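Chemist: Listed below, chain by chain, are the residues.
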Amino acid sequence: MTGMKGHAVAMPDGARVLIADDDPDIRDLVEFKLTQSGYAVEAVADGLAAWESFQAERPALVILDVMMPGLSGIDVLRKIRDSEHGAVPVLLLSAKSRDSDVDTGFAVGADDYVIKPFSPRELLHRVNGMLARAR
Amino acid sequence: MNGFRDGLSAVVQWLYDVTSVPILVYFVVINLSFLLLIITAGFQFRRYLRMRDASVDTLGGELALGVSVVMPAHNEEVGIVTSTTAMLSLRYPRHEVVVVDDGSTDNTFGVLREAFDLVQIPREVPMDLPVRAEILGVYVPRDGHTRLVVVRKANSGRSEAINAGVNVAVEPLIAFIDADSILEPDALLRVSKPFTDDPTRMVATGGTIRAVNGSRVVSGRLVRLAMPTQWVARIQVVEYLRAFLVGRTGWSRLGMLILISGAFGMFRRDVVVDAGGLDPDSIGEDFELVLRIHRRMMDEGRDYAVEFVPEPVCWTEVPSTLSVLARQRRRWHRGLWETLWAYRGMLFNRRYGRIGFLALPYYWVFELFAPLLEGFGIVVVVLGLALGMVNVPYALLFLVLAYGLAILVTLAAMSVEEWAFHRYNRWRDLLTTLAAAVLENIGYRQLTVWWRLGGWWASLRKKEQVWGVMTRAGFDEAAD
Amino acid sequence: MTTRQLLLGIELLVLLACLVLALSVIWSKVTRLRRERRTAQSLAPVRGALIELAAGEPGGLRILRSARGKTADAIDEAAVALLAKVRGEPANQLVTVLEDHGALERAKAEVSHRSPVRRARAVQLLGLARVEDSTALISEALEDEASEVRASAAYAASYLADPWLAAPLLRSVGTGEGIPAGLAADALLEMGVEIAPVLRAAMRNPAPRTRMVAAHVAGVGTFVQALPELRELIAADPDVTVRVEAAEALGSIGQDSEVELLARHTRPDQPTDLRRACAEAMGRIGSPLAHDDLVHLLDADDPRLAEMAAESLVAIGPRGMATLDGRRDEPAAGTALVLAALRAGQR
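Chains as they are written, first to last, in our numbering: chain A, 1 to 135; chain B, 1001 to 1480; chain C, 2001 to 2347.
Note that these hints are calculated values from the structure, not bench results.
Quick caveat, the model's predicted, so the values are computed rather than measured.
Mixed in with the good hints there might be a few duds.
Heads up, incomplete: computed chain A residues facing chain B, CB under 8 Å, no partners named [what the hints assert, rightly or not]:
hint: 1; residue: 44
hint: 2; residue: 70
hint: 3; residue: 71
hint: 4; residue: 78
hint: 5; residue: 81
hint: 6; residue: 129
hint: 7; residue: 130
hint: 8; residue: 134
Some residues of chain B that are not near chain C, with every Cβ distance over 10 Å (derived) [as the list claims (entries may be wrong)]:
hint: 9; residue: 1025
hint: 10; residue: 1032
hint: 11; residue: 1051
hint: 12; residue: 1094
hint: 13; residue: 1137
hint: 14; residue: 1170
hint: 15; residue: 1199
hint: 16; residue: 1444
Every residue, glycine too, gets a C-beta built ideally from N, C-alpha and C.
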């Protein structure tokens, strides 16, 4: 599989990705996009489930929606970073607004940030890139 | 013995003749007013929800003004770090957290210093608001970018701690939050939205508070909402629900919001400074500040607005024992009395518009005097029944009108609340709430009448107010 | 009829009213849930295709486009929601689906529907789908009598980003209840540099909210053309919030030429908040020209002002740092130096 401009991108090989978003549309479309590209995706609907899944499954990459009731994406990110396997790449999803959450997100240790409305293809590229760098 | 009985009967008979109708009138009017306020609140909810749907998540954004979250703390070593971390993690483009250690005698400061790696800075705190107690030091995290400021001061109470926090705060908006309260991640966004929508006029907003007892809290966040296990707390859930609908949302819609509860309010910093901050000698605290702001704005003839955000954003632990509850209710009623009395000059004063002619008189009659009238009614009915001069039909009528209707008012409030926010998902919780609404009128309410009167009486006798310590039952914190 | 009977009658009415209220509320919730379930059921067979389309996989496009009736309505509702979540090619595909279902044409008509809820939804759709010739309709909707319709129009304006809407937006912000100022600001900031004349005019508008939004946008968007009006606002606007906003805007725009004006407004005869905002703005401009005025402020009575001046001295570079160093025993200078060191990772 080739990415942009003919650079070879390694096949995901079933790498585990966790996505947490309380919006079922986003959950489903991201799950579809990533699964289609060869990832093993687990989708959860809230922060607490995300944290519990992270501890149990140790995914290779985590996608968190910032806006979730209960534990927000930032809360989960903070817990992940404070935990034993805290170096996992994390991408945050946030709703359209200027600079909102971006500073906090990066300050707490997010690796990347995507603002809605987002391009699913671009999201996939970012995920590929983050995992390639992490290897 | 007979003479005494006859004398008492005569007195009660006279009381009965004089008050039987007025008391009924009172209950009719108060319940009617509640109903109107609930309907008004319902419209407000509908409008709020429509705006929310229409705006499709446009919280935050370019115009979001910076917020300083001021958290006074006294002997909170157990939960202060979790609380502070949770406040720092709130979703907001620009906010800082100011923790004011009000002369704690436990290790509150120690745990903060360790958790955030605090270093002292030689900052001189501006005295925008007068603070009597000495400021002992100002500290920030060593990493240089976590927006936390910890101020240590000599112990002098919550009001002064908040004033000191306001002095240190740098952002244009201030939110007051108690260290044991829990905020939803979007709380700042929601409660600041009225400011973002109307930045030149809005001066104060408040958010809805609910009881967190029995719910599951993780990392300072509410993750699973459930009804409390104790009935005392369950009944308070119902009370809060009704009070916020009736006492805040309804009034806000009518443009007469004068009570922003102590647990979560947001103000414009310059307005708070201009009004003089919290009065350390007043038990009315935030209620008193809001009235003072209203008066000042109207005195200056300024175009301003105070709004209430109907969505639940703040969760707090309510007393789960009668003794703590009693102390709280005494204090609240005392604060209400002292504040209303202090601002009696606003009553029926044309300069103060609807607040002077509607809101304040309403509070006088239906909040302040309520326990007196209700207590009176109870005494008359009970004595009358015992002495055989009140017939059972009247007693039943009284019961139905005073309490039966209250249950229905609560039911109406619950329905509106459920329709708007459906926070409690389980049928069991809804049924428990209904049961609590009924039980509230069998003993609980009568007790609060007694306590409220007690607080009022204590104030009239100029007794010293003792705040006391609420031993926390703690949340259901998950070990993780 | 005795008084007692009258009271009883009223109370029973209130009782009845409460019951009716509770029942109607429950009924409205039940019907809403039922409607949602029905919509979900209509959508169920094609939801997979719709999600895949939103994810960039156009395989199910034909099925979606050719749907009719209740299924089409359900698809339309879901597609509009998705347009706020995805962009790029998938968004374009979603718009073609809506187009084929006639949803766009219907939306244009429904902008004048009786129900405000329908109007608001129609306006939103026009914005999210970036329907080209809907600018005039959006402009009208900005003056709608229902607040949620006006808010939707402002929201739609930020998607359309048509500079023609700048003037209606600013006018609507200042009229009566108006539109949420934040939404207006967001929309204006999407519009680009050609709105400068409109911003300048808006800063002379009698409504303070309009002036404030215009000043804010001028600052964040670095509209250099708006400097003359900003200068007027900071000097003479009757509303302190607007003056402070103008000061912040001057700081954002960052022109050295404004340092002197800002310095003038740090004098003791100015409101405290304005003095502080100006001191901060001088730092954001970062020009060494501000040095002497900032040093003067280190002696101010207001400790916060002194500290802000010190922070600004840090921001203007080595000369400022050197001056602070010489006064590091003072609280303001000392704090600014410590904070700067912490940020740089020292200590």
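Chemist: Hints first: check each against the structure and report whether it holds.
Modeler: So, going through the hints one by one against the coordinates:
{"no.": "1", "hint": "44", "in the structure": "violated (13 Å)"}
{"no.": "2", "hint": "70", "in the structure": "holds (4 Å)"}
{"no.": "3", "hint": "71", "in the structure": "holds (5 Å)"}
{"no.": "4", "hint": "78", "in the structure": "holds (6 Å)"}
{"no.": "5", "hint": "81", "in the structure": "violated (12 Å)"}
{"no.": "6", "hint": "129", "in the structure": "violated (26 Å)"}
{"no.": "7", "hint": "130", "in the structure": "violated (23 Å)"}
{"no.": "8", "hint": "134", "in the structure": "violated (24 Å)"}
{"no.": "9", "hint": "1025", "in the structure": "violated (6 Å)"}
{"no.": "10", "hint": "1032", "in the structure": "violated (5 Å)"}
{"no.": "11", "hint": "1051", "in the structure": "violated (5 Å)"}
{"no.": "12", "hint": "1094", "in the structure": "holds (12 Å)"}
{"no.": "13", "hint": "1137", "in the structure": "holds (12 Å)"}
{"no.": "14", "hint": "1170", "in the structure": "violated (8 Å)"}
{"no.": "15", "hint": "1199", "in the structure": "violated (5 Å)"}
{"no.": "16", "hint": "1444", "in the structure": "holds (20 Å)"}
Comparing the model with each numbered hint stated earlier shows that hints 1, 5, 6, 7, 8, 9, 10, 11, 14, 15 do not hold.
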